[in-house]
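J.: Top line first, the protein sequences correspond to chains A and B. Here the first sequence stands for residues 1 to 243, numbered as in our numbering. Here the second sequence stands for residues 244 to 374, numbered as in our numbering.
Calculated from the structure, these hints are not laboratory results. Hints are not guaranteed to be accurate.
[As the list claims (entries may be wrong)] Which residues of chain A face chain B? A few of them, derived with a C-beta cut under 8 Å, are:
# : residue
1 : Ser83
2 : Gln84
3 : His86
4 : His102
Note that the structure is predicted; figures quoted are calculated from it, not measured. Even glycine gets a Cβ: it sits at the ideal position worked out from N, Cα and C.
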Amino acid sequence: MGNVAEDEQYEESHVHAVYEQIASHFSSTRYKPWPIIERFLKGLPDGSIGLDIGCGNGKYLAVNPAIFIVGSDRSTNLAQIASQHHPHSVVVADILDLPHQHHSFDFAISIAVIHHLSTPIRRREAIASILATLRPDEGKALIYVWALEQESSRRGWSEGGEQDVMVPWVMKGSKKSTSKSPKNSGTGAVSVAVEDKTFHRYYHLYRRGELDDDIAAVGGKVLEAGYEKDNWWAIATPELSAS
Amino acid sequence: MKLLTLNFLTCARKTCKSTAAAFPLHPKEAELEQVEMDMNPLFITNMLPRLEWEAMKTLTTELGLPNLPAEPPSAEELADESGEPTQTLKDLHTLLMETSIASGKLVCGNCEHEYAVKEGIANFLLPSHMV
């Protein structure tokens with residue numbers, strides 16, 4: 001990958017276009033909030049105002065109705081699905097060009113998003129972009145990325161392995177056996193089964209310490225960090241000196 | 244898109260974001276709709292001090308909605324002696340939460356780029372030559 005236009009084109013084909021096509025199926029499989037994220041959102045003071053950057057189907061918008069979240073996603077189809085979660089709002093936007101004022105928000109979450117950017121520079125730019133929206137030294141961001149170290153998962157990735165991978169998403173076809181009503185038996189029912197369709201999404205799998213390094217590299221301070229269920233996560237705040 | 248959202252949006256272009264002219268975005272050819280929503284008095288009370296009131300005033304004027312008072316209502320004006328929501332609070336709920344832009348454009352006052360709103364969703368993706 002050479003220049004910015006090529007990087008963008010790569011992500012367009014291998015991330016954005018895929019989510020746009022799998023949006024509704026993807027959404028139907030994403031409904032249970034992860035505990036650390038739920039705790040983060042529920043622990044915010046009533047009336048807090050923040051962002052959910054890469055909100056997908058908006059499952060985290062449903063967690064706390066006493067705060068106000070402007071969600072954003074690159075996929076129009078996912079944003080449309082997410083927009084039903086009141087009192088919150090959703091727009092279509094790119095993490096590198098967010099339509100929000102700097103230094104204004106109490107919090108931000110970005111869950112399973114940064115790992116879709118295809119170069120180290122773009123991943124750091126994405127973190128800088130999140131931190132720039134936060135109120136200096138008060139605002140905090142919760143960031144989740146997929147881990148390379150997933151020894152216990154069926155995917156079989158582990159320390160020392162390839163970090164830039166293509167991950168399949170299988171959209172199940174209709175497996176319904178062809179209906180054979182007694183009347184028509186013998187006429188040979190026509191099969192209408194739809195085949196499974198596999199899409200591949202680009203991921204950068206984060207190794208231990210890499211997320212913390214990226215946050216520090218763009219002037220952020222890690223307040224808390226950890227590993228949960230195949231993911232690295234961190235809560236970060238912009239340092240006062242950061243832009 | 245509910246009008247409250249407009250208070251937390253500006254132009255997506257890096258060169259505009261820090262300029263005063265980019266906020267608030269200006270609605271153009273906006274189709275409004277009322278989306279009924281349960282009123283949460285505490286939510287409105289919490290949002291009020293966080294609003295850029297001048298931007299809200301600009302927005303209501305540009306949308307042809309009734310003019311807002313010069314200063315934001317105080318907390319005392321939102322509930323009566325018995326703690327019940329006042330008409331002022333109900334009006335704010337209608338304006339901020341229920342009045343929505345169904346379609347139209349949002350225009351940056353700095354670069355004049357127009358962002359489309361379709362089916363209630365604003366799209367801030369920039370064409371590559373503008374990034």
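J.: None of the hints should be skipped; say for each whether it holds.
T.: Outcome of the hint check:
The criterion of a C-beta within 8 Å of any C-beta in chain B is met by Ser83/A, whose closest approach is roughly 6 Å, and the hint holds. About 10 Å separates the beta-carbon of Gln84/A from the nearest beta-carbon of chain B, more than 8 Å, and the hint is not met. Taking 8 Å as the C-beta contact cut-off toward chain B, the hint placing His86/A at the interface holds, the least distance being around 6 Å. For the restraint placing His102/A at the interface with chain B, the shortest Cβ-Cβ distance is roughly 6 Å, inside the 8 Å limit, so the hint holds.
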